[in-house]
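The lines below spell out each chain.
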Amino acid sequence: MNVLVAATVPDIVTFVICAVVVLSGGIGVVTSRNSVHAALSLVMTLFGIAVLFIEQHAYFLAAVQVIVYAGAIVVLFLFVIMFLGVDRQEDVRADPLKGQRPLALILVAVSLFGVLALAATANWVTGAHRVAGGLTAGHHTDTFLLGKSIFTTYLWAFEITAGLLVIAVVGAVVLARRPSRVHDQGPATTRTHLPGAPGAADDARDAAEVRG
Amino acid sequence: MSIGPAWYLALAAVLFALGAIGVMTRRNVLVMFMCIELMLNAANLTFVTFSRVLGDIGGQSLVFFVLVVAAAEVVVGLGVVVAIFRRRAAATADDLHGMKG
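Chains A and B supply the protein sequences, listed in that same order.
If you're matching positions, the first sequence starts at 1 in this note's numbering and goes up one per residue.
If you're matching positions, the second sequence starts at 1 in this note's numbering and goes up one per residue.
Bound-form chain B, shown alone (with noise of 0.2 Å):
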């Protein structure tokens, strides 16, 4: 018997909020993606505990969705940061200031 839900819910709100920090504070880009990752396994964590709660596969069936959608983003992302550092060599997003008015 494995441990009940509750704990892996608290496990993954806490998660979440880290990654939420993180994307909060954090200037460079590169890690604010990697806390989005964070954030997207947090998600993955409760789906498949409410999948082991529900007894229902769609659970699971969407953090297989998940998966890919993250790995879509994670590459148009990362080719939009190549994009930026090609143009101009900033490290933060607050750098990223062209399009102000």
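Extracted from the complex, chain A is given alone in its bound form (with noise of 0.2 Å):
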């Protein structure tokens, strides 16, 4: 408990109202019902995350955090949830592997005893101290170096990243993309009702052979 003493009441506080933010966003997550809660409950857990940042003094990538995942990927989750219609109620008590819940949960609660167990008496061993720069290199911000970090150290892959979000974007159209019904069907026809446009002759005489 040593580590509590030399922390600040403040710190303390937020702290511990982030860990009760960050574990009921993700107790949410995992027992609601409805994904639109879960997807809330997400949300909830990101911000608290995003707390646990700035009081580690990461202002960059909180910002970073509640942009890009609270703000765009909750967003995409939430799309897709309304696009499908899928927000109706699933039965969380049906139970099709018999067994399989029990076993996950003891499975999951062996391993956190044996990490927590691990990392409370074993002997921290960690490599050498500053090897990709300083976090408190003179007085610059941590965006700084952070930039400075990805910009020359982490080039390459940042711009294999690129290189991922460009592939990314293309799997998603093609993957999302509505099917073309050429191969299916023949030649797609347009069969607009504006005048002069292909198709327009066809519809007037068939209007007039259903009249005649």
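Hints listed in this document are in silico derivations from the structure and should not be mistaken for laboratory results.
Small disclaimer: the values here were computed from a predicted structure and weren't measured.
All C-beta atoms, glycine included, are put in the ideal place defined by N, C-alpha and C.
Treat the hints loosely; a few may be bogus.
Now the in silico label distances, taken between C-beta atoms and shown as ranges [unchecked claim]: (1) B/Val69 with A/Leu23: 22 to 28 Å; (2) B/Val66 with A/Val174: 23 to 29 Å; (3) B/Val66 with A/Pro102: 27 to 33 Å; (4) B/Val69 with A/Gly114: 26 to 32 Å; (5) B/Val82 with A/Thr152: 37 to 43 Å; (6) B/Val69 with A/Val173: 14 to 20 Å; (7) B/Val66 with A/Phe144: 17 to 23 Å.
Got two chains here, each in a separate frame; can you build the complex from them with the hints?
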């Protein structure tokens, strides 16, 4: 508990509140029947994580967390939920695989306890300090240091993420595109009712036949 | 002076466990994706904590890349979900046994 003595009271209060928010949001994601409620619980967790980032002086990442995660990814989730109309409730109690749920709980509990016990008892041996550049070099902000690190040390990885994003966009478009009917029902004919448009003459002839 | 790293790491471990439980027990594909996001966030919290402890900006850079990869993963994953839903109105992962031998 000596780590708590060194911290100030506002730090402790902030951490406790954020931990409660993060964990209750996570529990909400796991247990809520409605997908929309799960997405909103996910927003709660993400905001708690962002505040914990601020608490650890990672200001840029906190802003990016709110903008990208809570602003873009969750909105994408909600968009798909609304688009597909899957906001109907899921029967959480139905267990198609017998014994899967207790087995999963036991497995995760054992793993978590093992990790926590190891972290509490083992010696912490970490790598050398400041491999990629110091966190408090001079009077630079974390944004400056992060940008310098990304554009010098990790430039190649940064370029690859650009390629990854392009591939993801193309893949999403290909996957979510409505399959073209050209292969199914012959050439697609545009049957518009605009005068002069191809098909308008056919429409007029059809209408005449119906009347006659 | 902030709180020691052990508390952050314990919180991240518990959050990761929650996400793992969700992926293993839930059957709604969208909720499974959200639980994967929970696990990614737990890993991000660990990265930032170690970045602070070791005084190294590399951890924060890695969080940046994790964010990018998570965004790409969500985009492609939701595209797959939309494509599946277009063929069949299957709300759960158990209904997707089309490739079963």
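Here's how the hints hold up against the structure:
Checking the proposed 22 to 28 Å range against valine 69 of chain B and leucine 23 of chain A shows it holds: the Cβ atoms sit about 25 Å from each other. Against the hinted window of 23 to 29 Å, the Cβ-Cβ separation of valine 66 of chain B and valine 174 of chain A comes to about 25 Å, which satisfies the hint. For the pair valine 66 of chain B and proline 102 of chain A, the supplied restraint of 27 to 33 Å holds, since their beta-carbon distance comes to about 32 Å. Taking 26 to 32 Å as the suggested C-beta distance range, the pair valine 69 of chain B and glycine 114 of chain A conforms, at roughly 27 Å.
A hinted range of 37 to 43 Å for the beta carbons of valine 82 of chain B and threonine 152 of chain A is consistent with their spacing of about 39 Å. Between valine 69 of chain B and valine 173 of chain A the beta carbon distance is about 19 Å. The supplied range of 14 to 20 Å therefore holds. A hinted range of 17 to 23 Å holds for the C-beta pair valine 66 of chain B and phenylalanine 144 of chain A, which are about 21 Å apart.
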